[in-house]
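Asker: If you're matching them up, the sequences are chains L and S in order.
Heads up: the first sequence runs through residues 1 to 260, numbered per our numbering.
Heads up: the second sequence runs through residues 261 to 692, numbered per our numbering.
No wet-lab data here; the hints were simulated from the structure.
Note that the Cβ used here is the ideal one computed from N, Cα and C, for glycine as well.
Worth double-checking, as some hints may not be accurate.
To be verified - On the chain S side, residues computed to face chain L include the following (Cβ under 10 Å):
(1) H284
(2) V287
(3) V291
(4) H293
(5) P302
(6) Q399
As the list claims (entries may be wrong) - Label-pair ranges, simulated between beta-carbon atoms:
(7) A67/L / H655/S: 36 to 42 Å
(8) H68/L / K392/S: 46 to 52 Å
(9) D661/S / A149/L: 33 to 39 Å
(10) V604/S / D131/L: 29 to 35 Å
Claimed, not checked - To spell it out: a stretch of chain L is covered by chain S in this simulated footprint if at least three of its residues, at any positions, have a beta carbon under 8 Å from a beta carbon of chain S; those stretches are:
(11) 24-38
(12) 62-75
(13) 197-203
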Amino acid sequence: MALPKLAVWKFASCDGCQLSLLDCEDELLAVAGQVEIAHFLEASRERVPGPYDVSLVEGSITTRDDAHRIQKVRALSRTLVTIGACATSGGVQALRNVADVDEYRSIVYPHPEYVATLDRSTPIAQHVRVDHELRGCPINRVQLLELLAALLHGGRPPRTTASVCTECKLRDNVCVVVAHGTPCLGPVTAAGCGALCPSYHRGCYGCFGPVAAANTAAVAESLRECGMSEADVTRVFRTFNADAPAFRKEAELHDAQSQP
Amino acid sequence: MTHKVSRKIDVRELARVEGEGALHVRVRGGVVHEARLDIYEPPRFFEAFLRGRGYTEPPDITARICGICPVAYQMSSCQALEAACGVTVEGAIADLRRLLYCAEWIESHTLHIYLLHAPDFLGYDSVVALAKDAPELVQRGLKLKQVGNELLELIGGRAIHPVNIRLGGFYRAPTRREFRPVVERLHWALEAAVETVRLVSGFVFPDYEHDHEYVALSSPGTYAIERGRLRSTGGLDIAPAQFEEHIGEEHVAHSTALHARIKERGRYLVGPQARYTLNGQWLSPVARQAADEAGLGETCRNPFRSIIVRAVETVYAVEEALRLLADYQPPDPPYVEVPPRAGVGHGITEAPRGSLFHRYELDADGIIQSARIVPPTSQSQPSIEDDLRGLVETHLDLPDDELTLRCEQAIRNYDPCISCATHFLHLEVDRG
Numbered sequence: 001m002a003l004p005k006l007a008v009w010k011f012a013s014c015d016g017c018q019l020s021l022l023d024c025e026d027e028l029l030a031v032a033g034q035v036e037i038a039h040f041l042e043a044s045r046e047r048v049p050g051p052y053d054v055s056l057v058e059g060s061i062t063t064r065d066d067a068h069r070i071q072k073v074r075a076l077s078r079t080l081v082t083i084g085a086c087a088t089s090g091g092v093q094a095l096r097n098v099a100d101v102d103e104y105r106s107i108v109y110p111h112p113e114y115v116a117t118l119d120r121s122t123p124i125a126q127h128v129r130v131d132h133e134l135r136g137c138p139i140n141r142v143q144l145l146e147l148l149a150a151l152l153h154g155g156r157p158p159r160t161t162a163s164v165c166t167e168c169k170l171r172d173n174v175c176v177v178v179a180h181g182t183p184c185l186g187p188v189t190a191a192g193c194g195a196l197c198p199s200y201h202r203g204c205y206g207c208f209g210p211v212a213a214a215n216t217a218a219v220a221e222s223l224r225e226c227g228m229s230e231a232d233v234t235r236v237f238r239t240f241n242a243d244a245p246a247f248r249k250e251a252e253l254h255d256a257q258s259q260p
Numbered sequence: 261m262t263h264k265v266s267r268k269i270d271v272r273e274l275a276r277v278e279g280e281g282a283l284h285v286r287v288r289g290g291v292v293h294e295a296r297l298d299i300y301e302p303p304r305f306f307e308a309f310l311r312g313r314g315y316t317e318p319p320d321i322t323a324r325i326c327g328i329c330p331v332a333y334q335m336s337s338c339q340a341l342e343a344a345c346g347v348t349v350e351g352a353i354a355d356l357r358r359l360l361y362c363a364e365w366i367e368s369h370t371l372h373i374y375l376l377h378a379p380d381f382l383g384y385d386s387v388v389a390l391a392k393d394a395p396e397l398v399q400r401g402l403k404l405k406q407v408g409n410e411l412l413e414l415i416g417g418r419a420i421h422p423v424n425i426r427l428g429g430f431y432r433a434p435t436r437r438e439f440r441p442v443v444e445r446l447h448w449a450l451e452a453a454v455e456t457v458r459l460v461s462g463f464v465f466p467d468y469e470h471d472h473e474y475v476a477l478s479s480p481g482t483y484a485i486e487r488g489r490l491r492s493t494g495g496l497d498i499a500p501a502q503f504e505e506h507i508g509e510e511h512v513a514h515s516t517a518l519h520a521r522i523k524e525r526g527r528y529l530v531g532p533q534a535r536y537t538l539n540g541q542w543l544s545p546v547a548r549q550a551a552d553e554a555g556l557g558e559t560c561r562n563p564f565r566s567i568i569v570r571a572v573e574t575v576y577a578v579e580e581a582l583r584l585l586a587d588y589q590p591p592d593p594p595y596v597e598v599p600p601r602a603g604v605g606h607g608i609t610e611a612p613r614g615s616l617f618h619r620y621e622l623d624a625d626g627i628i629q630s631a632r633i634v635p636p637t638s639q640s641q642p643s644i645e646d647d648l649r650g651l652v653e654t655h656l657d658l659p660d661d662e663l664t665l666r667c668e669q670a671i672r673n674y675d676p677c678i679s680c681a682t683h684f685l686h687l688e689v690d691r692g
């Protein structure tokens, strides 16, 4: 029986999420025995033509070419999984969405007219149908393996609606907000990292993006009580998942309030 | 067919490099007319959106430039921002930073040696194909890489985009007890790294040498990683704050890239071969011996042999990690305060691929007024293209497929990080 074909695609990103697959040192060869790695440029020169059973898509759409390319990837893929903050929310490069891209171009490039880029960085789901998503900047490789296992064996991919707070409780962490007055996005951030930041005595900075039904207003109030200014609150929501709707709206409110 | 006068080599999607690049070589009348490494990775505008951000944010934000070497971005940004604020970090905190950096060298170098580069020398398309024939060799590479990742995870919280790094140091310093299991694994890793040097020094290398000016941080008495002066084989010897006086970026006609050049002389090369040549005398004992046994000598000018230098540096990083851990005491507190002030600060550290420059300008509240980042790949790019040209000129007798593979190898020799470089390079969307 032919092995399922796995493809990995990159759009605007840092490569970190696809590196997570190569960081599965204990499992990489086992995974490679269960699938045909048909297209994974970071790892192989070999390119097997599609269609593909599973496509992992890293990165956001920021150029016209990439907007066309994602359509082709979708057409070739039975199951399409977006991996990481860039693919699921536009990533840190979506900070351009609240700025003037022409100005950005001229700050970074001496010949801005050569730089072909769209005004917005958009998540994959704004362009094509997405079957599953993995959050995080970067993704958690254990979640990646669980998802691949579920897809390969026909099970249901695990989904969580929990927040980072739940993971803190599971780890027996002392709450950094309550105990130390440290600003923390844990209550409104999707679980998945294992409550890493609070375990290292810092507040969560939201790299897994908003949890469903996030009460961002309450958290914003808590951030203010912990000493953050309106501008600080704006920035903390406007980072690696700046264009995720819940974070974007909360940032807009505080941005308006921080203007003189 | 191998002796036709006009040839064209196009590799539209380079494999086993970090990021999206292509190479184009044009030969007319037996002469190389063009040799280009193209970057078509989309720009992400980091330097632009850093403006207006708080001065504590760049370690987290610039890490996202590169998933392969986030620690390098965190360390160069910390150094630059602390310099802007007039703070120097010394002692146990500085040692812990160096330890974290060693972990990234182990992980990144081993990734490149075993997963990206070795398949070229052994005749495979990928490490997965190689693993079918040589499972033990690949297992060793994966396990060695994993030791680097374990150390990164212990200090940083996670290996990609670590969370435990802040201006002035760390949020929390791991205890001696937490390090105990990884110390055992590092002892194994030292053996494995030495074996790796033996393995790769036995590869067959094409006959090719270049004459690039080598540039690296240098700090007499130690193999420089996270601090030092920028020195070169051509006599450059500057503090990080003088970088922009001596190194400029040039727009080359018909090129898509801004190329970094030493203003007085031109192209140069950063990375493992530059570090080895400038600082090889300060390698640790086991690393020095491994280099000698591999026949490296005082310098290494064959880019294909960079894989040996990377292996020697892996031995060094493991040995240095063990040294730092031997008398590790958790710094308490794990950071020094870095109060904001108006000013400009510069930082250079040695990313696995070479020197990484950051500059920040702050106002009195610590809000970033301007930022500039020059990653290693954009510094080395003119030299990489020069290699491409030189290599094609000396190997015109090869058939197209072999010459193409040789050119791809010539790029992979430098472990280029295109994701990093792209924010600073013009891109050409020319896939036709």
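Asker: May I ask which of the numbered hints given earlier this structure violates, with the numbers listed in increasing order?
Answerer: 1, 2, 3, 4, 8 and 10
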